[in-house]
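K.L.:
Quick note, the sequences are listed as chains A and B, same order.
In terms of the numbering used here, the first sequence opens at residue 1 and continues consecutively.
In terms of the numbering used here, the second sequence opens at residue 1 and continues consecutively.
Calculated from the structure, these hints are not laboratory results.
Just so you know, these numbers come straight off a predicted model, no measurement behind them.
Note that beta-carbon positions come from the ideal geometry of N, C-alpha and C, so glycine has one too.
What you were told as hints is all true, and nothing was included just to trick you.
To give an idea of the interface, some chain A residues facing chain B are shown, with a C-beta separation under 7 Å as derived from the structure:
| id | residue |
| --- | --- |
| 1 | Leu136 |
| 2 | Glu143 |
| 3 | Tyr150 |
| 4 | Leu160 |
| 5 | Lys161 |
| 6 | Asn163 |
| 7 | Gly166 |
| 8 | Phe175 |
| 9 | Ala178 |
| 10 | Leu181 |
| 11 | Tyr182 |
| 12 | Ser185 |
| 13 | Gly189 |
| 14 | Gly192 |
| 15 | Asp238 |
| 16 | Glu241 |
Single-letter residue listing:
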Amino acid sequence: MLAEVAFTAPHVDFAALAPEIVLTAGAVLVILLDALALDKIKPFISIITGATLLGAMIPILWLANNGVDRSLFGGAFVVDNFALLLKAMFLLSGYVVVLLAMNYIAEGDYWESEFYAMMLSSLLGMVVMCSARDLLTIFVALELLSIPAYMLATWRKRDLKSNEAGIKYYLMGVFASAIMLYGMSLVFGASGSTLLTDVAKGLSGDNVRPTAVVGILFVVIGFAFKVSAFPFHAWAPDTYEGAPTPVTAFLAVASKAAGFVAIVQLIYVGFGTREDVYQPLLWVLAAGSMTAGNLMALRQKNIVRLMAYSGIAQAGYMLAPLVVAGNDKVGDKPLQAIVGYLVIYAAMNLGAFGVIMAVARKTRSAEISSFRGLFHYAPALTVAMTVFLMSLAGIPPLAGWYAKFQVLSALISAENASGVAMGILVGVNSVIALYYYGTIARSMWADDAPDGDLTPVRVPPALVSAIVITAAVTVVFGVLPQAIGHFTNGGLLAIGG
Amino acid sequence: MLLNQFLLLAAALFCIGVYGVLARRNAVLVLMSVELILNAVNINFVAFGAFNRTVAGEVFGLFVIAVAAAEVGVGLAMVLLLYRNRKSIDLTEVDLMKG
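Model the full assembly from the supplied sequences, consistent with the hints where possible.
P.N.:
Right under this line is the structure:
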């Protein structure tokens, strides 16, 4: 049977692959420089990494300007506007994470150049994920982004907490990807193809095979682990607390967004016709994540754990629009809502982690009480943190408000009970979330600094620029929502098969 | 063609693997249980590939084998690290962080 298949070399459109090629070259360069001349090159490794990430933006801008959808490898790798927008988001969040990590990694006695090589590999996986329209490509992209992330979480080799963070993340991640693979094998069996467009054809029809039902559920559950949705969230708070803080920011933003990109592609391109199978599961995941995440965030004492639980709740808001994804009245609205939310969430969450790291440089603590009286000795950081927290809570005129508004508008436009019920849950949960975000903000502005210690925080320039970039994005997208709406409007963002 | 038998074998392996991941306390045995699940996946892919007369199943199986090797490499390194720092690879003792 194997002999029947003659091999013909596929035509490869290298322009479409240029961002991935730049990232690969950057990662290889960092490893080679490390091996050949570490002593001389060490201070420049982070700069080379940043330059690689910005360099990969150039072909993306060119491709976006060119405007033609490109499909490679028989449709397994598609470069369309959806892919380009998210690739740009991953590269820019990667750049901000490099800015966050620069001083932290250099001052903390870590392995430095390997750190950046791992991060570039992980980002390469995320960038591939944006274009992956085939089960095999999605799987390889997922592993490429996850395996370096497991290592990054364990980066403090001698620290027991970091070990624990890594091993929990690793075991949960491997277990989840094994379950996802089992689901993929069943979906492949039921549809006869790994290409998502063919999977959609194979799964459509009045009768659905039991193997397909189990397969779809297992695949979605596998990615629910990745985006830390309830009840598969148990690893997230421990991993976030134990990992080095820049890695936590990376996991909380980029890694989570990659899981969402995969879910969106699977549901919009592959499983779209089977909303009767995935919608009940997504309803439970979304409702459970936002409620459980917010309730558990209320009793946290550690700011990083609080951000982990708030991230679980935010994952719930992002899953919510998918509940109405198959509805004819909504069209592409859920897709736009999720992509807009991902971009805005990346900016505001990375910014919040930037401030947490800046404050921890002085207080050496991640306790929420260490933020008391911040205004009296670091007013600029206080203003920035307030902007990020209020944006996460969804207060106008900050970007988080527009993201939530898009989610609600998609849910309500479905005009059915499940959409409206989910909309009400989002509303109730936003109020709960405002309580714990607001508590931190109030204690920064109103309380006295602990022990009357008013020495200012010295923030290195890289960290300042990271906070300024993310704050600017958070404010601009809130005041001028059409700026993000321009990128995510319907005509631009239809996913190509 | 025999398909159900292969699927049943894979389903049994999958269940044993899931049980192992949830019940085992030794980190290496948890890794081996994950390998059982991945082998169930491979059996499924090859059986479905042969049944549907496409090589996609075999190709997917090869990718799973290769990626699983990389994954277990990282996992064993982490278990070794855990052993060096704690002198134990009992996962129930890895509980510094809670709540």
